[in-house]
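Engineer: Chain by chain, the residues run as shown.
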Amino acid sequence: MRHFTRIQDVGPEGVETILAQAAAWKSQKPGAIFQSRILGMVFFNPSLRTRTSFEAVMLRSGGHAIVLDVGNGVWKLEDRPGAVMNADRAEHIKEAAPVLSRLVDMLGVRTFSAGGGDEEDELDPVINAFRRHVTVPLVSMESAREHPCQGLADVLTLRETFGTTKKLPVTLTWAPHIKPLPKAVPNSFLLSAAAAGCEVRVAHPPGFELHPQVRAEAEAYAKATGGSVTYTHDQDEALAGSRAVYAKSWGPATRAGHAPGDVAALMASYAGWMPTRKAMSRAAKDAIFLHCLPVRRNVEVSDEVLDHPSSRVIDEAENRFHVQRSLLHWLQST
Amino acid sequence: MRHFTRIQDVGPEGVETILAQAAAWKSQKPGAIFQSRILGMVFFNPSLRTRTSFEAVMLRSGGHAIVLDVGNGVWKLEDRPGAVMNADRAEHIKEAAPVLSRLVDMLGVRTFSAGGGDEEDELDPVINAFRRHVTVPLVSMESAREHPCQGLADVLTLRETFGTTKKLPVTLTWAPHIKPLPKAVPNSFLLSAAAAGCEVRVAHPPGFELHPQVRAEAEAYAKATGGSVTYTHDQDEALAGSRAVYAKSWGPATRAGHAPGDVAALMASYAGWMPTRKAMSRAAKDAIFLHCLPVRRNVEVSDEVLDHPSSRVIDEAENRFHVQRSLLHWLQST
Amino acid sequence: MRHFTRIQDVGPEGVETILAQAAAWKSQKPGAIFQSRILGMVFFNPSLRTRTSFEAVMLRSGGHAIVLDVGNGVWKLEDRPGAVMNADRAEHIKEAAPVLSRLVDMLGVRTFSAGGGDEEDELDPVINAFRRHVTVPLVSMESAREHPCQGLADVLTLRETFGTTKKLPVTLTWAPHIKPLPKAVPNSFLLSAAAAGCEVRVAHPPGFELHPQVRAEAEAYAKATGGSVTYTHDQDEALAGSRAVYAKSWGPATRAGHAPGDVAALMASYAGWMPTRKAMSRAAKDAIFLHCLPVRRNVEVSDEVLDHPSSRVIDEAENRFHVQRSLLHWLQST
Numbered sequence: 000m001r002h003f004t005r006i007q008d009v010g011p012e013g014v015e016t017i018l019a020q021a022a023a024w025k026s027q028k029p030g031a032i033f034q035s036r037i038l039g040m041v042f043f044n045p046s047l048r049t050r051t052s053f054e055a056v057m058l059r060s061g062g063h064a065i066v067l068d069v070g071n072g073v074w075k076l077e078d079r080p081g082a083v084m085n086a087d088r089a090e091h092i093k094e095a096a097p098v099l100s101r102l103v104d105m106l107g108v109r110t111f112s113a114g115g116g117d118e119e120d121e122l123d124p125v126i127n128a129f130r131r132h133v134t135v136p137l138v139s140m141e142s143a144r145e146h147p148c149q150g151l152a153d154v155l156t157l158r159e160t161f162g163t164t165k166k167l168p169v170t171l172t173w174a175p176h177i178k179p180l181p182k183a184v185p186n187s188f189l190l191s192a193a194a195a196g197c198e199v200r201v202a203h204p205p206g207f208e209l210h211p212q213v214r215a216e217a218e219a220y221a222k223a224t225g226g227s228v229t230y231t232h233d234q235d236e237a238l239a240g241s242r243a244v245y246a247k248s249w250g251p252a253t254r255a256g257h258a259p260g261d262v263a264a265l266m267a268s269y270a271g272w273m274p275t276r277k278a279m280s281r282a283a284k285d286a287i288f289l290h291c292l293p294v295r296r297n298v299e300v301s302d303e304v305l306d307h308p309s310s311r312v313i314d315e316a317e318n319r320f321h322v323q324r325s326l327l328h329w330l331q332s333t
Numbered sequence: 000m001r002h003f004t005r006i007q008d009v010g011p012e013g014v015e016t017i018l019a020q021a022a023a024w025k026s027q028k029p030g031a032i033f034q035s036r037i038l039g040m041v042f043f044n045p046s047l048r049t050r051t052s053f054e055a056v057m058l059r060s061g062g063h064a065i066v067l068d069v070g071n072g073v074w075k076l077e078d079r080p081g082a083v084m085n086a087d088r089a090e091h092i093k094e095a096a097p098v099l100s101r102l103v104d105m106l107g108v109r110t111f112s113a114g115g116g117d118e119e120d121e122l123d124p125v126i127n128a129f130r131r132h133v134t135v136p137l138v139s140m141e142s143a144r145e146h147p148c149q150g151l152a153d154v155l156t157l158r159e160t161f162g163t164t165k166k167l168p169v170t171l172t173w174a175p176h177i178k179p180l181p182k183a184v185p186n187s188f189l190l191s192a193a194a195a196g197c198e199v200r201v202a203h204p205p206g207f208e209l210h211p212q213v214r215a216e217a218e219a220y221a222k223a224t225g226g227s228v229t230y231t232h233d234q235d236e237a238l239a240g241s242r243a244v245y246a247k248s249w250g251p252a253t254r255a256g257h258a259p260g261d262v263a264a265l266m267a268s269y270a271g272w273m274p275t276r277k278a279m280s281r282a283a284k285d286a287i288f289l290h291c292l293p294v295r296r297n298v299e300v301s302d303e304v305l306d307h308p309s310s311r312v313i314d315e316a317e318n319r320f321h322v323q324r325s326l327l328h329w330l331q332s333t
Numbered sequence: 000m001r002h003f004t005r006i007q008d009v010g011p012e013g014v015e016t017i018l019a020q021a022a023a024w025k026s027q028k029p030g031a032i033f034q035s036r037i038l039g040m041v042f043f044n045p046s047l048r049t050r051t052s053f054e055a056v057m058l059r060s061g062g063h064a065i066v067l068d069v070g071n072g073v074w075k076l077e078d079r080p081g082a083v084m085n086a087d088r089a090e091h092i093k094e095a096a097p098v099l100s101r102l103v104d105m106l107g108v109r110t111f112s113a114g115g116g117d118e119e120d121e122l123d124p125v126i127n128a129f130r131r132h133v134t135v136p137l138v139s140m141e142s143a144r145e146h147p148c149q150g151l152a153d154v155l156t157l158r159e160t161f162g163t164t165k166k167l168p169v170t171l172t173w174a175p176h177i178k179p180l181p182k183a184v185p186n187s188f189l190l191s192a193a194a195a196g197c198e199v200r201v202a203h204p205p206g207f208e209l210h211p212q213v214r215a216e217a218e219a220y221a222k223a224t225g226g227s228v229t230y231t232h233d234q235d236e237a238l239a240g241s242r243a244v245y246a247k248s249w250g251p252a253t254r255a256g257h258a259p260g261d262v263a264a265l266m267a268s269y270a271g272w273m274p275t276r277k278a279m280s281r282a283a284k285d286a287i288f289l290h291c292l293p294v295r296r297n298v299e300v301s302d303e304v305l306d307h308p309s310s311r312v313i314d315e316a317e318n319r320f321h322v323q324r325s326l327l328h329w330l331q332s333t
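In order, the protein sequences belong to chains A, B and C. So in numbering that gives the first Met the number 0, spot 3 of the first sequence is number 2, and the numbers just go up one at a time. So in numbering that gives the first Met the number 0, spot 65 of the second sequence is number 64, and the numbers just go up one at a time. So in numbering that gives the first Met the number 0, spot 249 of the third sequence is number 248, and the numbers just go up one at a time.
Hints are supplied without guarantee of correctness; some may be wrong.
To be verified - Pairs of lysine to any residue residues, derived as SDA-like cross-links and limited to a Cα-Cα distance of at most 25 Å, are as follows:
id : chain 1 : residue 1 : chain 2 : residue 2
1  : A       : Lys75     : C       : Leu180
2  : A       : Lys25     : B       : Pro80
3  : A       : Lys28     : B       : Ser35
4  : A       : Lys277    : B       : Pro80
5  : A       : Lys25     : A       : Glu159
6  : A       : Lys75     : C       : Asn71
7  : A       : Lys277    : A       : Pro308
8  : B       : Lys178    : C       : Arg79
9  : C       : Lys28     : A       : Lys25
10 : A       : Lys277    : A       : Thr160
11 : C       : Lys165    : C       : Asn71
Note that these hints are calculated values from the structure, not bench results.
Could you put the whole structure together from the sequences, leaning on the hints where they help?
Structural biologist: The following block contains the structure:
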């Protein structure tokens, strides 16, 4: 049985397979490939694109989705083995995962970082509790460590624009925000772009390093695919000549050990990192702009960048549908 | 591409077309007219009838609905152009509307008045933000200015009962409530009934005037269809000889400039406007009673009126299904 | 028109019919028995299994479900006849039930005890308000008095394990919890097991008696089916030789007249009632463990019992699907 909760589940070869199928089906729709299939979708956190695109994939392919919001019409779920459940979590994933597995054909789970720090996110406790206890294929709709469907959609958008991603110079740049955000999206763009052979440049202020294990994994993919990964604290340097600029905010590295008040001040001190057209002008003339959405306009990215013809954020969101259709098909194949 | 967010989108002729189709399909079901189509439904506010009737329309015609509750499992949405998004709204309609348009075939939006006053409601900022940014047909499931599907269902109910609505004397009467409600429903009954050629009588206490532009629009429809619109502060006078009594509460006209505390006192001072059987007895012998629902029993309308055989509120609610099936079909035709 | 909100609606004969069909369809799937049918599901309370299993039943049989969460995207509902609706409940079941009946083919309602005491639960005011006002078949998804679909699933699990339930010794044992829970589940196991001819032993601490009318009803079923029902305050005594152990917590009998603080202390004083493997060892060698779920691990039941091969709680949950498919088919037959 297959699961997909991280890029490592498929590796660079699997990324190729899934994206090739996604591209083929984008131009020529498949038939009812999920006829009578049910995807159960368990949300611990909000969603617009993920929820709608997964449900649309199922409905447009003869199947159905059942959407469950944890803590909102559905019991709160416990993930810790051995817990004495005397607080607000009424059900354990040890029961919820196998029970749902009896009722649906595939299960999707969204569970953001609980804010316990990079080490805990690396362990990804909630999605891994599901992984241990499901008896049907499991797909991540974003967890603490990764948002792998987003990464696949990002790379499909690059491919559509530039034909190939081999040695394509792309920049992942940190952007400001009102609060420290999880690192799943930057991790996934980094891993997916490296697995697709890009020349990935990561730009962020000091203290916002991504987790060493994620960086090591990206390095290994780059080595295997002829790509590369470099890091800098200089946004301008990274943007120079980039064919794609991917903006995303994330919180400081836990190990930096900031107090909460300091984090707000630290994030605020880098407000100048918000991408503008002036910053974009350092990139290649045909450079495109990407963001996973939702985006806080004029905080994380300026209106002028999002409303410029070089922005591909809507196409990128649509590509969630296409990669997920391909991915779910791969998941249910043995 | 067609949209339907106000009666003006179809005018009196369109009202006829949509109602004729609705009536025809009520007696003879159409086939799978929405085969494989998806209606995306975005709710900023609660709903029972609207949500269930739209979803039932899609399911009973071979299609599907995807339901999204803004701020409840879905990111809160910003509508203001140029906003610096540093508060609780994580996504802009500028992104949400085109993204959803890539995933569904039609989009419905419910967004009540934000309470900013009649002038702001006349501009209808949220539904109009969607209207600017969608790339698929948009249907209003009630916005600040109008609830046009309700208006259509109301007129269909009149037609079924009386055969024709030409010069039919009908009263829209203000009713009490525990708080000031939006004017979308009274606006829509007024506009729809005028567009259907009724002799519309509007009764409300002083200070509860509907917006001048809505009244002007209704006047224009009445002129075109041989109907009429009159206003009075005397409920008894309006009811005399009416064939239909439509009760609905709404808040005072903004221009009246009441302080919040005064509004509560003002509303309370008109508790005597609650329709009773005694009031209904002034209407025609065959008069029917209408209300859009939900209704607060014994506050807005008395039990004796709602439980009397002359009440048609359940048929009226069912007609939401019939007019919406016809309307969505019209929307997806070019 | 048929409804199913309590075991009494079908009696021991109906239980046999529904379970036989459930078992037959479990080994050989029926076709699209709910083709184009819509089940409306109204939830006043959270759910995981109930919501997913009912929706899966409809989707896997050619039909659909529309899910409504009361007070969460849907207006709060009033059930009291004659109420002056000036508080937070915006709509009366007198309207909601007939309106929904016009839009769907069957209606399911979940409404837990409001905490008003055993006498009020016996009257089951909310589900009975729906029952009075629907015009389509109504099914309980758990109400104040009973959770009859759970009871059917429990008995199906017993049958699958032991072949027959005639004179099968089974124990329903009270278990600890952090708060007093409703009695719908213990009532339903008691009633269903008695209707299936089991030798039912109920064990609970003093002061936790089930309602006299429920006990009388169970007694009548036992008499008719050759089963029996006995009560004890001694868990060990009940477990001795039992082939199934059903653990469930519930609150004290209202008539015991405890103050809220006393209830917490009372419940805490019986923490020793939590089933352990040691307790289970008093049962028959082939005894199975049952629980309706959700279960609070290490509060209500210990990990060692839930993780032991004798636990059938996941099969029991899956059986919700099977009995509900059979039941909805029975409901829509005339």
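Engineer: Next, verify each hint and record whether it holds.
Structural biologist: Here's how the hints hold up against the structure:
For the proposed pair Lys75 of chain A and Leu180 of chain C, the alpha carbon gap of about 17 Å is at most 25 Å, so the pair holds. For a cut-off of 25 Å, the pair hint linking Lys25 of chain A to Pro80 of chain B is broken: about 33 Å separates their Cα positions. Annotation: proposed proximity of Lys28 of chain A to Ser35 of chain B holds, straight-line Cα distance about 13 Å (limit 25 Å). Of the supplied pair hints, the one linking Lys277 of chain A and Pro80 of chain B holds, its CA atoms being roughly 21 Å apart against a limit of 25 Å.
Restraint check for Lys25 of chain A and Glu159 of chain A: satisfied, since their Cα atoms lie roughly 11 Å apart, inside the 25 Å limit. The hinted pair formed by Lys75 of chain A and Asn71 of chain C meets the criterion: a straight-line CA distance of about 16 Å does not exceed 25 Å. Note on Lys277 of chain A and Pro308 of chain A: the hinted pairing holds, with a Cα-Cα distance of about 15 Å set against a maximum of 25 Å. For the suggested pair Lys178 of chain B and Arg79 of chain C, the alpha carbons sit about 22 Å apart, so the restraint of at most 25 Å is met.
With a CA separation close to 35 Å, the supplied pair Lys28 of chain C and Lys25 of chain A exceeds the 25 Å bound. A threshold of 25 Å between alpha carbons decides the hint, and for Lys277 of chain A with Thr160 of chain A the separation of about 22 Å falls inside it, so the pair holds. Among the hinted pairs, Lys165 of chain C with Asn71 of chain C is inconsistent with the structure: their alpha-carbon atoms are about 44 Å apart, more than 25 Å.
Comparing the model with each numbered hint stated earlier shows that hints 2, 9 and 11 do not hold.
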